[in-house]
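Peer 1: Letter by letter, the chains look like this.
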Amino acid sequence: MAGSNEINVNESKLVVPLNTWILISQFKLAYNLLRRRDGTFNRHLAEFLDRKIPANAKPVDGVLSFDVIIDRGTGLLCRIYRPSDGEEAQPSIVELERPVAEDVVPVIIFFHGGSFAHSSANSAIYDTLCRRLVGNCKAVVVSVNYRRAPENRYPCAYDDGWCALKWVNSRSWLRSKKDSKVHIFLAGDSSGGNIAHNVSLRAVESGIDVLGNILLNPMFGGQERTESEKRLDGKYFVTIQDRDWYWRAFLPEGESRDHPACNPFGPNGKSLEGVKFPKSLVVVAGLDLVQDWQMAYAEGLKKAGLESVHQWIITLLVSDERFHTSNKNWPALANESKQGKSANSRNIG
Amino acid sequence: MLWNGSENQDAGMDELLAVLGYKVRSSDMADVAQKLEQLEMFMGSAQEDGLSHLSSDTVHYNPSDISSWLENMLSEFNTGDPSFDQSLNLAESSSAVPNRRPKLNQSQQPCVFQDDSEYDLRAIPGAAVYRQTPDESLSSNKRLKLTDTRSELNNSLISSTMPVAEATRPVVMVDSQETGIRLVHALMACAEAVQEGNLKFADALVKQVGLLAVSQAGAMQKVATYFAEALARRIYRIFPQDPLESSSYSDLLQMHFYESCPYLKFAHFTANQAILEAFSGAKRVHVIDFSMKQGMQWPALIQALALRPGGPPAFRLTGIGPPQPDNTDALQQVGLKLAQLSETIGVEFEFKGFVCNSLADLNSSMLEISDDEAVAVNSVFELHRLLARPEAIDKVLKSIKDTNPRIVTVVEQEANHNGVVFLDRFTEALHYYSSLFDSLEGSGLSPPSNQDLIMSEVYLGRQIYNVVSCEGVDRVERHETLTQWRSRMESAGFNPVHLGSNAFKQASMLLALFAGGDGYRVEENNGCLMLGWHTRPLIATSAWRLAAGGNTDSH
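Chains E and Z supply the protein sequences, listed in that same order.
Note that the first sequence covers residues 1 to 349 in this note's numbering.
Note that the second sequence covers residues 1001 to 1555 in this note's numbering.
Be careful, since some hints might not be right.
Claimed, not checked - Using C-beta positions, here's what the derived DEER-type ranges look like:
| id | chain 1 | residue 1 | chain 2 | residue 2 | range |
| --- | --- | --- | --- | --- | --- |
| 1 | E | V104 | Z | E1196 | 37 to 45 Å |
| 2 | Z | L1336 | E | G73 | 18 to 26 Å |
| 3 | E | E95 | Z | A1018 | 29 to 37 Å |
| 4 | Z | S1052 | E | E227 | 49 to 57 Å |
| 5 | Z | A1018 | E | Q223 | 41 to 49 Å |
| 6 | Z | S1215 | E | L201 | 35 to 43 Å |
| 7 | E | G39 | Z | M1366 | 55 to 63 Å |
| 8 | Z | L1074 | E | E11 | 29 to 37 Å |
As the list claims (entries may be wrong) - Straight-line C-alpha distance at most 16 Å; calculated EDC-like pairs for lysine to aspartate or glutamate:
| id | chain 1 | residue 1 | chain 2 | residue 2 |
| --- | --- | --- | --- | --- |
| 9 | E | K58 | Z | D1424 |
| 10 | E | K13 | Z | E1490 |
| 11 | E | K13 | Z | E1040 |
| 12 | Z | K1337 | Z | E1348 |
| 13 | E | K276 | E | D209 |
| 14 | Z | K1398 | Z | E1490 |
| 15 | E | K235 | Z | E1490 |
These are calculated hints, taken from the structure and not from any lab test.
Note that the coordinates shown come from a computational prediction; the quantities given were computed from them, not determined experimentally.
Glycine is no exception: its CB is placed at the ideal position from the N, C-alpha and C atoms.
Take these sequences, add in the hints, and give me the full structure.
Peer 2: Laid out in structure tokens, this is it:
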């Protein structure tokens, strides 16, 4: 049981710059306060602490955003990010939904992370990420503000994802000129990656074309304790105990982690052989304790004969000897971090 | 590195964290990391109770300031153990961060409000608690007069002290229909034509808007109709002035607005929370209310004071209101009702009403502040009216300072409707009131009564007319954003008093109670609380005290 509840602070300090360490530690601290032992969640405090950013129809760095309530009944909101075409004037409200200009415009439906319980589409961390996606991918990004656990368990998040997929697919202004179709990709990190997978399953059943899935450190698990979970438990900000809590909060009451939502290729899962499932990019972080489950997922896709690529990310600083100093002197590390800041920040996020 | 108050607030802040909503000075990073580690250690060895205490009982403030947030939690563990104090190097960092809430020792922490107390919410009055005789306010009829009060529409000059306008435009749309788009297009084109002085074209467009609006449904139709009417007034220079219109009509409208949606309840509730905390320990308290109207804010405060451990203070209320054309003393009537309420509850109460055309006509000596009372100044949707004349707001802020207040509570619309460029103002207002009208419609699950809804729309419609068709001193709905008000208050010599997680939670619970949840959201913003519709903040509550040197109270 050693190390299972205690976060080993020393190792995590070595692999990320100081400001990133502060950011993640601060999140971890807050999250520890929010999860209650009885399985309930301190939602008011969560919303109080979460840093939010409003949408902005005025372009900033070539990206503008606006929010749309796509389902009045559930209050489901999506934040749409699009490139601003370099025009000087601010687009009026009319032009926010003007047809996309290019021959081919990828539309990425993005599901934010937060282990099904935390964050929102307007959380600062995700607003920032989605803006970058627009520029990097020359895409329109639709970030879905899905309902969260434990107040809304499985399958609410998937239902909301599905609703968003149908909505996006039916927008004439999102159609690429080349073939008058919406070119849809599903993406998400952590629980968002899990949602992307499960929404894809529904898409194939109903004939909506998803061109690809992008799963960033997707959240999967199972009853078994894998080698990576045991090895990395508590080492880098995340523990088996908190992972268990989130699954208990999301899955239907009484279900184990071998429920197919959590373990898609496990004992209760089904093979995707013969299924026209989208090709997938699965990004696995080398220090993520659930990497064995993520690799098993990639393996499951492969077994079904599906096209998938997985990519390792290991923080590049591990090999940087400045961070292997045994002198854990924070001020010195702070200076180092500052000097190396511009180089490091490209690797993160 | 030295910082001068708010001038260089972002100087030296870590960029990565700043973009994500956190303010940490690069020079403080090592210290913040140390605090995180320390807290980790304490939490690791704390009993389960200790942890849940931090979550449910501790009041958190201003999470953007990570350093203070951590300190606040660390102080929860520092109950008299000297070894802990020595290991924490807090002194250096605590003085360096501007705008921090002054750290309270355990003994000074106000223990008046428990997190889950229900009496706060039950005390919110509905019309049931506070009866208004319905017919007396409808006696005056509005008459439309063609008065050319301005030979030209002049835009107000930017004074050198005016805060920089907001650069963001938050937009929340409800899934749009085709006609909705064309309607908005016509409205925008019309506004643009008006700005360019192309009145013939504008006239044609206004008519087109009218036609399109007929086939539109719901909130969009109503909003479009009001904006079209406002544009028409601007084009034809119709400035309805009704000298017989009593303020009791606008008070009536506001009461319906109070009933139909949670904005005013939120405003009153959050302001009262700050006032209550500021009044902690005071035996005599005096509230000066710039927004007296029908006094809807005060029954709840009086109730809460009555239930204060140790008994209520003596409560004095000074209400400021506009003159009544029919010479009725509306203020006194309100004061009388509040006195009756106070008597039944058992709170010593005194009321004084002041009638004036403008808050700038007041000076603090009139208010007869006495030395032994704690003063709060309260303004809900009033201060922006002073912005037509730059010297007016300065004068009022000075008068406020002269009362030596413990707390100043300000609630304002979260929008910039005071920009110099007409088209910008128009666009901002269109987005703002669209969200507001959408929220009135609700999700259809719990619609407000028809009368409340209609009157609320009229209430908001009058604001729209003012923003769009008036200029100069007639344009009183000069809303500005929290960022702009912050800058103004700080320049005038006030420091923020942060509203915490307890107020946030209770405000959220209030929404669940009165608005069924329904898309309304409370948001925390650097110590202030905002209420919005989905992701669009619409009103903001901030609290202030005199900057150091002006007030000896520690709170």
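Peer 1: Does the hinted range 55 to 63 Å hold for E/G39 and Z/M1366 at CB?
Peer 2: At 58 Å between Cβs, range holds.
Peer 1: Does the beta carbon distance between Z/L1336 and E/G73 stay inside 18 to 26 Å, or does it fall outside?
Peer 2: violated, 46 Å
Peer 1: Check the following: the C-beta atoms of E/E95 and Z/A1018 are separated by a distance inside 29 to 37 Å.
Peer 2: Check passed, 30 Å falls within 29 to 37 Å.
Peer 1: Is 29 to 37 Å respected by the C-beta to C-beta distance linking Z/L1074 and E/E11?
Peer 2: Once the Cβ atoms are compared, 24 Å apart, the range 29 to 37 Å for E/E11 and Z/L1074 is violated.
Peer 1: Just to be careful, I want the Cα atoms of E/K13 and Z/E1040 compared with a cutoff of 16 Å; is the pair within it?
Peer 2: This hinted pair holds, its Cα atoms lying about 14 Å apart.
Peer 1: Just to be careful, I want the Cα atoms of E/K276 and E/D209 compared with a cutoff of 16 Å; is the pair within it?
Peer 2: With Cα atoms ~9 Å apart, E/K276 and E/D209 stay inside 16 Å; holds.
Peer 1: Quick check: does the Cβ-Cβ distance between Z/S1052 and E/E227 fall within 49 to 57 Å?
Peer 2: violated, 34 Å
Peer 1: Does the alpha-carbon distance linking E/K235 and Z/E1490 stay inside the 16 Å limit?
Peer 2: Violated, at about 45 Å.
Peer 1: Using the C-beta atoms of E/V104 and Z/E1196, is the stated range 37 to 45 Å upheld?
Peer 2: holds, 38 Å
Peer 1: Just to be careful, I want the Cα atoms of Z/K1337 and Z/E1348 compared with a cutoff of 16 Å; is the pair within it?
Peer 2: Holds, because 14 Å separates the two Cα atoms, which is no more than 16 Å.
Peer 1: Kindly confirm whether 41 to 49 Å is satisfied by the beta carbon distance between Z/A1018 and E/Q223.
Peer 2: holds, 42 Å
Peer 1: For the pair supplied as a hint, E/K13 and Z/E1490, confirm whether the alpha-carbon distance does not exceed 16 Å.
Peer 2: Judged against 16 Å, a Cα distance of about 39 Å means the pair is violated.
In summary, the structure is inconsistent with hints 2, 4, 8, 10, 15 from the numbered list given earlier, while agreeing with the others.
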